[in-house]
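These protein sequence lines map, in sequence, to chains A and B. Following my numbering, the numbering of the first sequence begins with 1 at its first residue and continues without gaps. Following my numbering, the numbering of the second sequence begins with 222 at its first residue and continues without gaps.
Calculated from the structure, these hints are not laboratory results. Backbone N, C-alpha and C define an ideal beta-carbon position, used for all residues, glycine too. Treat the hints with care, as some may be off.
[Stated by the list, open to error] Partial list, derived from the structure: chain B residues whose beta carbon lies under 7 Å from chain A: (1) Leu322; (2) Ala324; (3) Leu341; (4) Ile354; (5) Gly402; (6) Gln427; (7) Ala458.
[As the list claims (entries may be wrong)] Here are some chain A residues the structure puts well away from chain B; computed CB gaps all over 10 Å: (8) Leu17; (9) Glu45; (10) Pro132; (11) Ser133; (12) Tyr142; (13) Arg155; (14) Asn158; (15) Gly174; (16) Lys192; (17) Glu194; (18) Glu199.
Each chain, written out:
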Amino acid sequence: MSEETDHDKRLRFAEILEALKESDCPLCMLTRKAVYEYFSSVLHECLISNRAPDAVRASAGFCRGHARDFVTTGDHRGVAIVYRDILRQILQGFSTRGIDGARASAVCPACDVKNRHEEMYVETLAHNLEDPSVRRDLDASYGLCLYHASRVVHRLSNPQVIERIMALSVRQLGAMRGNLSEFVRKQDVQFKNEVVSSEEQTACERAIDLLAGRTASSPGL
Amino acid sequence: MRESDRSPRWENGLVAGLVGLVTRLVVGELDGTREREKFVGFHDLLKILKDPVCPVCFIIHRSILEYLSMAFIEELTMPEFREPIRKGLGYCEKHSAYVRLTARKRLSRMGVAIVLEDLLALIQEQIQTLHEIPDTVACPLCSLQADIETYALSLLADYSHDAEFQSHYENAAGVCLPHLGSILALAGIEGRRYLVEAHIRKLERQIGTLDAYIRKNASRLSPKEMTDAESVSWRSAVNSVVGDPLGGKRDR
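Let the sequences and hints guide you as you build the complete structure.
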């Protein structure tokens, strides 16, 4: 992998600042975006070459989670071209060497993209949290999921910044608990006339995202 | 019966199933040397083969969803259900999708909200007292899925040599590649031979269907009419390589 330039790092930091304005963990969002951009390049390549890229062939397609995300790109013909190539490869291996011939020799390339970009975004955010204006932006944002908050904290050495990130997580958890409690309270017939706000209505899904993160649109099961 | 004596129904069934599996291993049923009686699981399997998905993936998905739908209503106050969630600090990202699906059902949603609120309170307390953000330790659905998978794989392995099973399997989507590998390791000689040959036939058929889909979609301006199988061939191809964890249903 080529060495990162200062320009790359500045670009990544700018992406993080933009992502902080959205209603999602910025690191989850940017990681998903990186994987989808990779899928776009795979689909573009397969339309030209009429086969799957070498890295995708070596891994016999994507892992379960990323395969499901690949399908949701909407380019069904591109998906068909890639997986027809994979199936041909599997058939050839299976016919000659049984199940061993059908096994992949490399890890899912989308996982590799996800892990690399996630690491870079975590590093970039942690590095820039020394800047008070970035900490203010993070405080005012939707916040990080617990998984990414933990990753960022492990990168930090300044105790005050660490405390600030943890305080942000505690506030997020408190707000989410409030939404969940209100939702539960309003299910009681005594309070049936009270309107359930959209935040309370979506609290379950948002709490699940806060706890586990959402680096894939369709997490493989 | 005291509350502490009760176990979730699923665990009782699984223990019985696993004991049965070990017994069959000892008496030689798993290598095909003894005929296994056809029970309700076999007939359920024949029904599942009518769906265009890997039957093992389907059984896993259905079992987990049924368990969660029941547990978030009927076992909400039971320590056996709640303690593993608290100890494990929630679910992993991939199994959180199941909880998300369960929360969509009106009857289960309140139970999910109660459990999540409790979990968030626990984590909030941990952050404040331990000064660290905890990770998920042990997702309770990971261990549940492993148990269900063992049952489903042995079911297919046990009947892979059976003529009635084979006649249904021939026109089915078949098992996905990861599960096929596991079943081949469990099945007897006859069953293994059949499954390998059937899988080759299915792959050849799928590649032919994909060829037709790609050819007919060459021009987006005037896509040619295609069969039902061709129109979903792209999804079937992905499913046959990695399995379809949601059993053919979409989560959106």
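Verdict on A:Glu45 as a residue remote from chain B, using beta-carbon distances over 10 Å: Its Cβ never comes within 10 Å of chain B, the nearest being 16 Å, so this holds.
A:Asn158 remote from chain B - nearest C-beta pair above 10 Å: holds, 14 Å
Compute the least Cβ-Cβ separation between A:Leu17 and chain B, then decide whether it is above 10 Å. holds, 23 Å
Would you settle whether the hint for B:Gln427 is holds or violated, based on the nearest Cβ-Cβ distance to chain A being less than 7 Å? At about 6 Å, which falls below the 7 Å cut-off, the nearest Cβ of chain A leaves the hint on B:Gln427 intact, so it holds.
So, B:Ile354 near chain A? Judge it on the closest CB pair being under 7 Å. holds, 4 Å
When you look at the beta carbon of A:Gly174, is every beta carbon of chain B farther off than 10 Å? For A:Gly174, whose nearest Cβ neighbour in chain B is about 7 Å away, the distance does not exceed 10 Å, so it is violated.
Regarding the assertion that A:Glu199 does not contact chain B, is the least Cβ-Cβ distance greater than 10 Å? holds, 13 Å
Chain B versus A:Ser133 - minimum CB to CB distance exceeding 10 Å, so not interface: About 23 Å separates A:Ser133 from the closest Cβ of chain B, which puts it past 10 Å; holds.
Can we confirm that no CB of chain B comes within 10 Å of the CB of A:Arg155? Non-interface label on A:Arg155 holds, nearest chain B Cβ at 12 Å vs cutoff 10 Å.
Non-interface label on A:Tyr142, tested against every C-beta of chain B at 10 Å: Given that every Cβ of chain B is farther than 10 Å from that of A:Tyr142, nearest at about 16 Å, it holds.
Cut-off 7 Å, beta-carbon criterion: hint that B:Ala458 touches chain A: This interface hint holds because 4 Å falls under the 7 Å limit.
Interface hint outcome for B:Ala324 [beta carbon to chain A under 7 Å]: This interface hint holds because 4 Å falls under the 7 Å limit.
Going through the hint list in order, the structure does not satisfy hints 1 and 15.
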